[in-house]
Amino acid sequence: MMELIGVPPALLMGQLLIGLINGSFYAMLSLGVAIIFGMLRIGNFVHGAQYMMGAFGAWYLVNLPDLFPSLGLPSLGYFWALILVPLAVGAIGALMEWIFIRRVYHLEHAYGLLLTVGLAMVIEGLFNVRYGAAGQQYGVPEFFKGGTNLGFMFLPYYRAWVIVVAIAVCFGTWFLIERTKLGAYLRAATENPDLVRAFGINVPRMLMLTYAFGVGLAGFAGVMAAPIYQVGPQMGQNIIIIIFAVVVIGGIGSIFGAIISGLMLGVIEGLTKVFWPEASSTVIFVIMAIVLVFRPAGLFGKETTAHAVTDLSSGRSGSFLENGRIWFFILAAIGVVLPFTVYPIFAMKILCLALFALAYNLVFGYVGLLAFGHAAFYGTSAYVTAHAAAVWGLPPELCLLLGVVAATAIGALFGALAIRRQGLYFAMITLALAQIVYFYVIQAPWTHGEDGIQNVPRGMLFGLIDLRNSMNMYFVTLVVFLAGFAFVYRIINSPFGQTLKSVRENEPRAISLGYSTNQFKLIAFTLSAMLSGVAGGVKAIVFQIASISDVFFMTSADALLMTLIGGVGTLLGPVVGAAIVVTLQNKLAYFGAWVVVMQGAIFVLCVLFLRKGVVGTLQEFLANREARKRVATEAPAKAETKVAQ
Amino acid sequence: MNTVPEDYIIEAQGLSKHFHGFAAVQDVNLKIRRHSIHALIGPNGAGKTTVFNLLTKFLQPTAGTIRFNGRDITNVKPAEIARQGLVRSFQISAVFPRMTVRENVRIALQRKLGTAYHFWKSVSTLSVLDDRVDELLDSVGLRSFADYSAAELPYGRKRVLELATTLALEPEMLLLDEPTSGLGHEDVDRVAALIRKVSANRTVLMVEHNLSVVSSLSDRITVLAAGRILAEGNYETVSRDPRVIEAYIGGTDDE
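Line by line, the protein sequences give chains G and Y. Counted from 1, the first sequence has number 260 at position 260 by UniProt numbering; the numbering is strictly sequential. Counted from 1, the second sequence has number 174 at position 174 by UniProt numbering; the numbering is strictly sequential.
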């Protein structure tokens with residue numbers, strides 16, 4: 001047979017087939033995500049975990065006799081799973097909607113994403129606790145054993161089945177939603193729930209069923225995936241980020257776009273494996289970036305004219321808790337005492353992460369953009385700093401500088417791409433862009449893959465201060481932290497900060513006053529990346545290691561969690577949040593795999609019950625007390641002004 | 001064809017906007033005379049706000065050109081339009097709710113200070129604007145509310161604050177989107193008087209439902225219906241036009 005561009009056709013066809021298979025899963029999963037997002041405005045991050053539950057469901061059914069030996073249950077095979085599991089997973093989805101999701105419909109979209117991130121951590125964490133990271137085997141069903149030789153390649157029957165079924169399911173769903181009366185009701189219910197309610201339709205139940213349907217699709221995809229991929233707790237974790245990228249590429253609210261993009265991107269990924277294997281895990285994210293430049297609304301998306309960031313901040317400008325001039329000295333005093341009460345290394349961890357969270361809060365709290373990829377900046381700086389110290393043998397101040405420059409450059413680039421979109425899309429885009437860095441770090445030789453860069457020398461700061469001494473190291477870290485704190489305080493209390501505030505409060509109005517709001521967002525984003533870089537670089541020197549977890553999306557989730565617990569858009573929130581999260585992680589370390597579960601649970605609880613965070617809630621309490629006092633003393637005066645109006 | 005040179009500040013030619021096949025605005029030719037108050041009226045869904053969004057570039061027209069002071073601004077970004085002196089208000093009062101009244105006005109002033117991007121400077125450097133802010137607040141009667149947060153103001157005062165903020169930019173032309181909607185009688189009169197006051201040496205284009213405000217303020221009226229211009233002229237001409245009467249009576253009944 002002829003070779004195509006130096007590639008044997010069997011290999012090419014083989015990868016095309018794998019691409020088409022992967023694409024089938026991307027299509028089925030992004031379809032579910034697009035439906036849930038389009039109808040419910042929920043960025044269903046837990047979709048990957050629900051897909052994973054589907055695969056485990058199939059595995060449970062086959063192993064019923066072993067799992068419950070006393071009940072004498074039969075082993076139920078693949079076809080039973082194909083019917084029962086989607087129903088079961090869908091039912092679990094309905095339950096999740098009833099308990100959790102419906103509580104955030106009326107809130108900013110960001111909370112839906114945060115909630116589902118927490119739920120995903122809980123579910124995946126629980127499976128991890130029970131089954132460990134290793135996968136379970138699920139054989140190809142008897143009926144589909146074997147395959148056929150097409151002449152140029154061998155086609156296993158099961159794979160052909162997956163592609164056919166996936167396409168049928170996708171287009172069936174598309175037809176249901178876009179072309180039937182039921183779908184019309186559904187679309188109407190999301191456009192104008194009150195009106196549809198007036199028709200006598202039970203809107204909450206309709207939304208619940210929609211969510212259950214989307215989740216059921218994930219469960220269905222999970223069953224389909226079981227014979228092909230390893231059934232493991234992590235199987236949904238990476239795919240969900242790809243799915244988000246697919247949805248962005250496909251376009252806003254476009255179910256059709258999600259399906260086509262899913263299939264197409266699977267094939268492109270497969271082809272990349274043939275021609276440039278190293279790039280295959282990032283190609284989808286790179287395509288997303290390119291699409292964003294040329295078609296910000298996505299390939300099949302509709303024009304967007306929304307100019308609105310979301311204001312989730314809970315800071316009150318008058319509160320003394322926002323007075324950085326006082327708190328700078330209080331924090332400095334606490335910082336001086338801290339290493340004598342706890343281990344310096346523990347204190348340094350708090351400082352590094354507090355600085356990271358401060359940086360993150362600049363974007364999330366003060367610009368109102370839900371960024372979900374700050375690990376890229378933190379981790380890039382950690383790696384560059386570590387490399388400069390370990391390999392080039394540069395002094396620590398220079399290493400840190402290089403790290404920060406790298407993080408700032410990547411921040412400016414990612415920011416320029418991502419600020420084209422707001423809300424949930426911003427989160428999905430930053431998440432996907434950060435995955436490029438993650439996969440690069442996994443593959444590049446200088447980052448040493450899973451090992452990371454170890455034994456980073458701390459060296460002599462400015463040739464004077466020996467950082468190998470842990471007290472020296474601590475106080476240098478403290479100084480950097482305080483400088484970062486002061487810098488953030490200055491940014492939010494500068495003319496720039498004022499403009500930023502106006503953008504957050506009412507972006508269209510800020511534009512109509514002549515401000516090019518995207519430029520303000522970009523500068524704030526870049527500053528945030530820079531400070532994240534400072535945090536990551538210092539961390540690499542303190543802990544003498546840059547590891548793969550520094551660029552992993554869980555690190556981005558950590559920054560989010562710290563900011564959320566402490567209080568979004570408050571000055572002290574990130575610091576308080578970092579102290580709480582680091583302390584919890586330390587205390588929970590004893591429980592091993594349970595840490596993720598508990599972190600996820602905290603996420604969920606924060607979204608449901610503590611949206612203002614610790615500091616924001618405290619500020620609200622103080623402000624209310626103040627107001628009560630004022631009312632008590634000014635009540636007569638106020639009544640008069642009311643009359644005057 | 002009329003060849004007498006008229007001084008138009010805005011000239012929109014063949015303006016159209018389609019949303020997925022639905023023509024919200026179709027082939028609208030609109031000329032606004034300098035230093036006039038021009039009202040844009042029409043039944044609900046006539047495309048008034050869409051025209052507004054097109055003129056201020058919050059929407060990109062599907063077809064047509066827009067000239068402002070003779071310059072083609074069809075492809076200019078909305079923030080740039082504002083910097084050129086064409087400033088709009090919004091249908092729903094557009095204030096910065098958690099900033100004080102003073103800060104609201106100051107935001108508009110601080111752009112010209114040239115330090116909007118200065119993240120390293122203290123916010124206290126903006127105090128040089130305080131006198132001008134107070135002057136503006138005085139002129140609209142909001143001085144005594146200066147330290148309230150904008151959210152605390154009653155609705156009518158919010159609209160006044162919005163006007164004060166807009167005026168702070170010293171715009172050449174104002175586009176007011178339903179400036180009196182949702183206001184009580186007293187507030188309507190106050191805002192109408194304010195509009196008349198600020199229209200000196202300025203051009204005002206407003207979308208307005210309150211026909212008594214329209215009749216008392218505007219020099220010229222354009223009536224839109226179903227995305228097209230139905231009639232144009234002064235209040236007497238327009239109000240006697242049978243097509244206009246039909247559009248209003250046969251249209252929605254919310255007037």
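No wet-lab data here; the hints were simulated from the structure. Glycine residues also receive a C-beta, built at the ideal position from the N, C-alpha and C atoms. Some clues are possibly wrong.
Some chain Y residues close to chain G (C-beta under 7 Å, calculated; not the full set) [said to hold, decoys possible]:
1) Val76
2) Ala82
3) Gly85
4) Arg111
5) Gly114
6) Phe119
7) Val123
8) Arg228
Estimated spans, in silico, between C-beta atoms of each pair [what the hints assert, rightly or not]:
9) G:Ile290 - Y:Lys112: 25 to 31 Å
10) Y:Asp134 - G:Phe329: 29 to 35 Å
11) G:Leu413 - Y:Ala200: 44 to 50 Å
12) G:Asn202 - Y:Lys77: 43 to 49 Å
13) G:Asp466 - Y:Tyr117: 54 to 60 Å
14) Y:Ser124 - G:Ala133: 52 to 58 Å
15) Y:Ser124 - G:Phe346: 34 to 40 Å
Hint check results:
1. Val76: violated (12 Å)
2. Ala82: Status holds, d = 4 Å.
3. Gly85: Check failed: Cβ of glycine 85 (chain Y) comes no nearer than 9 Å to chain G, outside 7 Å.
4. Arg111: holds (5 Å)
5. Gly114: violated (9 Å)
6. Phe119: holds (4 Å)
7. Val123: holds (5 Å)
8. Arg228: Since the shortest Cβ distance to chain G is 22 Å, the answer is violated.
9. G:Ile290 - Y:Lys112: 25 to 31 Å: 38 Å Cβ-Cβ, so the 25 to 31 Å window is violated.
10. Y:Asp134 - G:Phe329: 29 to 35 Å: Taking Cβ atoms as reference, aspartate 134 (chain Y) and phenylalanine 329 (chain G) lie about 34 Å apart, which means the hint holds.
11. G:Leu413 - Y:Ala200: 44 to 50 Å: holds (49 Å)
12. G:Asn202 - Y:Lys77: 43 to 49 Å: Since asparagine 202 (chain G) and lysine 77 (chain Y) have Cβ atoms about 45 Å apart, the given range 43 to 49 Å holds.
13. G:Asp466 - Y:Tyr117: 54 to 60 Å: Check failed, 40 Å falls outside 54 to 60 Å.
14. Y:Ser124 - G:Ala133: 52 to 58 Å: Holds - the Cβ-Cβ distance for serine 124 (chain Y) and alanine 133 (chain G), about 55 Å, lies within 52 to 58 Å.
15. Y:Ser124 - G:Phe346: 34 to 40 Å: 38 Å Cβ-Cβ, so the 34 to 40 Å window holds.
The structure fails to meet hints 1, 3, 5, 8, 9 and 13 from the earlier list, while all remaining hints are met.
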